[in-house]
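Participant: Throw the hints in and build the complete structure from the sequences for me.
Heads up: take any position in the sequence shown, counting from 1, add 585, and you land on my numbering.
These are calculated hints, taken from the structure and not from any lab test. Just so it is clear, CB atoms sit at the ideal spot from N, CA and C, and this is done for glycine as well. A hint or two may mislead.
What follows is a set of in silico ranges between Cβ atoms, one per label pair, in the way DEER data are often shown [said to hold, decoys possible]:
hint : residue 1 : residue 2 : range
1    : 767       : 732       : 21 to 31 Å
2    : 872       : 770       : 19 to 29 Å
3    : 693       : 636       : 42 to 52 Å
With a Cα cut of at most 27 Å, we get these calculated DSSO-like pairs of lysine-lysine [to be verified]:
hint : residue 1 : residue 2
4    : 811       : 736
5    : 736       : 809
6    : 925       : 659
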Amino acid sequence: MNKYVKAGLALLLMVFVCCSYASAGAVEELNVTYQLGGTYINAEAVASANDGGFFLGMANSSGAILLKTDEDGKEIWRAELPGDDARTVIALEDGGTLSATYTMIVNGTEAEGYTFDGSTWLIRTDSNGNILWQEEIVGIGVGDIAVSNEKIVFAGWFWESNTGFTQTYLLETGTPANDQIRLGNETASMIPLAMLLEDDGTLVLTGGTTSYLTEESAYAWIAKVKNGVVLSQSVVRTGSTDPLYGEGACGYAITQAQDGGYLIVGSNPPFGVTWASGLGWAAHVTSDLSNEWVNELPGCYVPYAVVQFSDGYLIAGMDGYDDPVWLTLSVGGAITELEKISQNGKRSMYNDIASLSDNSAALVGWVMMDSSAEGILITLTDTDASTGVPPTSEDTGTAGLWIAGAAVVILILAGAVYFLVIRKPEPEPVKKKAAKKGGKKN
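Facilitator: Next comes the structure, spelled out in structure tokens:
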């Protein structure tokens, strides 16, 4: 084979190996869509079941649905739930579930102003989807729920007064306990949208200052609550540098940070209108609720969920009006991967994430397939966590540096191939010995 052809093939092989190594990261293992009847279907919440399958909180034109699947995403059973939409699903130790669903009613017009109403339902099911009990919480919007010591911790708000609160309910019966805690004060409401329950019983909440569609949330906040007392609170983000998205901010999801403290993601408009406009951001907050950094997330209009993922974080949401998007983030705030599903102008999104292990997670949402929306479930696995950004990095350009480093390696290898193979000098020809002087003459 010609030496130049050999050299070219060797170079291509090296480029392939180097690029494969540099691009290692989250790989999609499962991708399932659902059509459950009605004019649309939306997968809004997900939890990992004890048997390796999934619980999906879904909604279609007829109301909320709880779906149980096997580990491949294939439907095992479904159950109709009260309410229009699913907010949260929790898998319980007995194989059953706890769900929070809600109905939101918007009255009035933009000219005369809007009023809001609706209810939240807490629903417990057994492992076969049979409803054991359901509790309607009238006039209340739901932010999040958690379970601790046979009690349900609920975070929500009063639609009438736009005031946030937390409340506990008994897991066995769903009846409320007498320990309601108000969030905010007379001049600044605190609307909780996400909650983290720590091992010692401390609630860590995040959200905004309004749930009204016609108002901007003044700021995103974080607060700690324990034993009926608000221990501390602080502001995470107050606005955007882009006037298109307004000056507000609202925390949408929270998880424990990899290196201590908390990781919060959010957008600028209040709850319920982030589909119209938004500027996604992520913030690292220390355990004493001090801001360590706040970074915007280009390519992610609205981040709805976040979990720890390998050495960093996995964030899911949407980009603009159109595309579901997930991205991975280093502990320093650098975007290391970003993936969209192009929908050609048809609006769709990811709504929730559930951790399956340290380096795998399940995402749910909805996508436009043909003429109607379908629910979607995907799972992601980080195939080589060692290729990720070092955990101590705080440089938002770290991902680019790693790519540049891979390019340098490729250039060095290419140079080696060039000089050792292509430009390898030909061996010198053997010189003929000169005839000895003297000798016989003819």
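Participant: Given the proposed pairing of residue 811 with residue 736, does the C-alpha separation stay at or below 27 Å?
Facilitator: Holds - the C-alpha atoms of residue 736 and residue 811 are around 14 Å apart, at most 27 Å.
Participant: Between the beta carbons of residue 872 and residue 770, is the distance compatible with 19 to 29 Å?
Facilitator: Roughly 24 Å apart at Cβ, these two residues keep to the hinted range, so it holds.
Participant: Take the C-alpha atoms of residue 736 and residue 809, compute the straight-line distance between them, and say whether it is at most 27 Å.
Facilitator: Between residue 736 and residue 809 the Cα gap is close to 18 Å, so the pair holds against 27 Å.
Participant: Sort out whether residue 659 lies within 27 Å of residue 925, counting only the CA atoms.
Facilitator: holds, 24 Å
Participant: At the C-beta level, are residue 767 and residue 732 separated by a distance inside 21 to 31 Å?
Facilitator: holds, 22 Å
Participant: Evaluate the given range 42 to 52 Å for the C-beta pair formed by residue 693 and residue 636.
Facilitator: holds, 47 Å
Every hint, counting from the list given before, is met by this structure.
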